[in-house]
Structure formats: structure tokens, C-alpha cells
Amino acid sequence: MILYEAFCKSITEKLTAFICETITHTLVKEKKHNLINLKVDSNDNRIRICFRGPADSTDCIKGPVIDANSPIQFNTYQDGSLNDKIRKELGHLTNALKCYSYFSFLSDKRLTTLKMYQFGIETALGLDYSDYQQPNTPSTEHPRYTSTLVNGKEVQTLTAVIPAREYYVDITGCRPSGFGMARDTTKSVPEICTTYSCSLTAVGSSTTCGDGEYCDGKGSNVLLKAKEDADQPNTIRKRQPS
2 MILYEAFCKS ITEKLTAFIC ETITHTLVKE KKHNLINLKV DSNDNRIRIC FRGPADSTDC
62 IKGPVIDANS PIQFNTYQDG SLNDKIRKEL GHLTNALKCY SYFSFLSDKR LTTLKMYQFG
122 IETALGLDYS DYQQPNTPST EHPRYTSTLV NGKEVQTLTA VIPAREYYVD ITGCRPSGFG
182 MARDTTKSVP EICTTYSCSL TAVGSSTTCG DGEYCDGKGS NVLLKAKEDA DQPNTIRKRQ
242 PS
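Quick note on numbering: the working numbering labels position 238 of the sequence shown as 239, and the sequence is numbered without any gaps.
A hint or two may mislead.
[To be verified] Derived CB-CB ranges, DEER-like:
{"hint": "1", "residue 1": "R166", "residue 2": "G81", "range": "17 to 27 Å"}
{"hint": "2", "residue 1": "D132", "residue 2": "G81", "range": "40 to 50 Å"}
{"hint": "3", "residue 1": "L224", "residue 2": "P144", "range": "46 to 56 Å"}
{"hint": "4", "residue 1": "E90", "residue 2": "T59", "range": "21 to 31 Å"}
{"hint": "5", "residue 1": "N222", "residue 2": "E90", "range": "13 to 23 Å"}
{"hint": "6", "residue 1": "G81", "residue 2": "T202", "range": "16 to 26 Å"}
{"hint": "7", "residue 1": "H143", "residue 2": "V190", "range": "33 to 43 Å"}
{"hint": "8", "residue 1": "T186", "residue 2": "G218", "range": "19 to 29 Å"}
Simulated from the structure, these hints should not be mistaken for laboratory data.
Glycine residues also receive a C-beta, built at the ideal position from the N, C-alpha and C atoms.
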């Protein structure tokens with residue numbers, strides 16, 4: 002087993018870099034902050050909060066569809082009042098809530114809020130949308146979706162179904178070999194005969210072929226001796242004359 006605790010990285014690390022710090026709405030809106038990039042995906046009109054700074058960063062939180070020309074409000078609060086509620090609902094959070102940041106915008110004409118709660122090195126994501134419906138307009142009561150992306154691949158998802166109710170998901174996890182994993186999950190890569198694990202405490206590990214073994218590319222470890230025998234060409238001995 003190989004431990005890669007030193008490389009146990011997730012979006013949580015990016016969040017910790019700016020949550021609970023003084024960040025103004027202007028810095029986020031104008032994309033000048035070097036830790037976060039706020040944009041709208043032109044393919045599906047969903048808001049993206051991406052980390053590391055570059056516009057092409059693929060470590061992101063992908064939020065709901067945002068209405069055209071909708072303003073985006075951002076703020077950070079040093080507030081732990083929801084600590085017990087969120088920890089009870091999610092179960093695996095072990096640290097106390099220190100603060101949270103939120104992004105509010107209109108999604109199908111309803112105020113929608115995406116929140117990031119920092120519990121030390123752990124992070125929870127919150128999502129809710131308003132129950133206010135403009136008079137004499139078609140109903141816009143439908144689920145809103147958000148997800149986390151690591152290297153562009155979806156890791157965790159969250160759906161707000163009922164209006165005026167906040168939903169939560171724990172987005173703490175591990176990042177082995179360039180992809181993301183939620184805590185308490187495993188992922189097998191048969192091509193290299195490796196199984197990656199992310200524990201409940203978000204410590205990552207991996208198992209692969211041992212000494213004297215090689216990967217057959219289909220998920221099985223084969224002894225090198227067996228491979229050598231298989232590769233050895235068949236030979237026929239000639240009988241020596243008596």
C-alpha cells in the first residue's frame with residue numbers, strides 16, 4: 002500500500018486559501034484575485050467558480066444556470082452558527098465551522114445562493130433558491146444543480162429540490178494522480194492494476210502490483226516468472242543418435 006497523504010489535495014485546499022480572508026466583491030467580479038476566477042460557461046450558461054487563477058483552470062465549483070445580465074453578490078462571514086446543523090446532516094465533518102462565503106445570483110428569475118462552509122481543512126457546499134415567484138408569470142420552481150470538478154471531471158453533486166430550503170454536501174476529498182475522489186470512496190484503474198482509496202478522514206492510499214509482478218493491462222497482477230515462461234519460445238530437442 003502506498004500512502005499519498007502529502008498529495009491528498011482537493012478543492013478544499015483552494016477554498017481554504019481564500020475563505021475567511023478579506024476579499025471584496027470587486028476583486029472577484031473583476032477577476033483580479035489570483036486564487037479565484039468567476040465565469041459563466043458559454044456552453045450551458047452555468048456559473049463556474051474556478052481556482053488557481055487562470056481562466057482555463059479545471060478545478061471548479063459548477064453552479065446552476067445564471068440568468069443573462071444577473072448581478073452576482075459575494076461576501077464572506079465569520080459565522081459558525083450553522084455548525085451543529087450542517088455537521089449533524091453531513092456526519093463526517095470533524096472540525097468546527099469557522100466561516101462561510103456565498104455567491105448569490107438569479108437563476109430562472111429566482112434568487113439562488115451557493116455557499117461554501119469552511120470547517121478547518123474540511124469544506125461543505127450549500128445550495129438554495131428562493132420560493133418567491135413573480136406574479137402572473139410561469140412557474141420557475143424546479144431543481145437547481147451544482148457540482149465540484151477536479152481536472153474537469155465531476156466528483157460531488159448537489160441538488161436543491163424544494164425552494165427556501167438549503168441543501169448540503171461534503172466536498173472534502175482526495176486528489177490522487179490528477180483526479181478527484183470524495184472521502185470514503187475507492188477507484189480502480191485496471192489498465193495499471195491500481196486501486197486508489199480516499200478514507201473517511203480524507204487520507205489517500207493506493208495499492209498496485211508488488212515486487213516480482215507486472216500488470217497485464219486488464220486489472221490482474223501476473224508473476225514475472227509466469228510472464229517469462231509465456232514469452233519463452235517453444236523448442237524441440239533433437240534426439241542424439243545412440
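Results of checking the hints against the structure:
In this structure the hint that R166 and G81 lie 17 to 27 Å apart at CB holds, the actual value being about 21 Å. For D132 and G81, the Cβ-Cβ distance of about 26 Å falls outside the hinted range of 40 to 50 Å, so the restraint is violated. For the pair L224 and P144, the beta carbons lie near 52 Å from each other, so the given range of 46 to 56 Å is met. A hinted range of 21 to 31 Å for the beta carbons of E90 and T59 is consistent with their spacing of about 29 Å.
For N222 paired with E90, a C-beta distance near 41 Å fails the hint of 13 to 23 Å. In this structure, G81 and T202 meet the distance hint of 16 to 26 Å, their C-beta atoms being roughly 21 Å apart. For the hinted restraint 33 to 43 Å between H143 and V190, the CB-CB distance of approximately 37 Å keeps it satisfied. For T186 and G218, the Cβ-Cβ distance of about 24 Å falls inside the hinted range of 19 to 29 Å, so the restraint holds.
This entry does not satisfy hints 2 and 5, going by the numbered hints stated previously.
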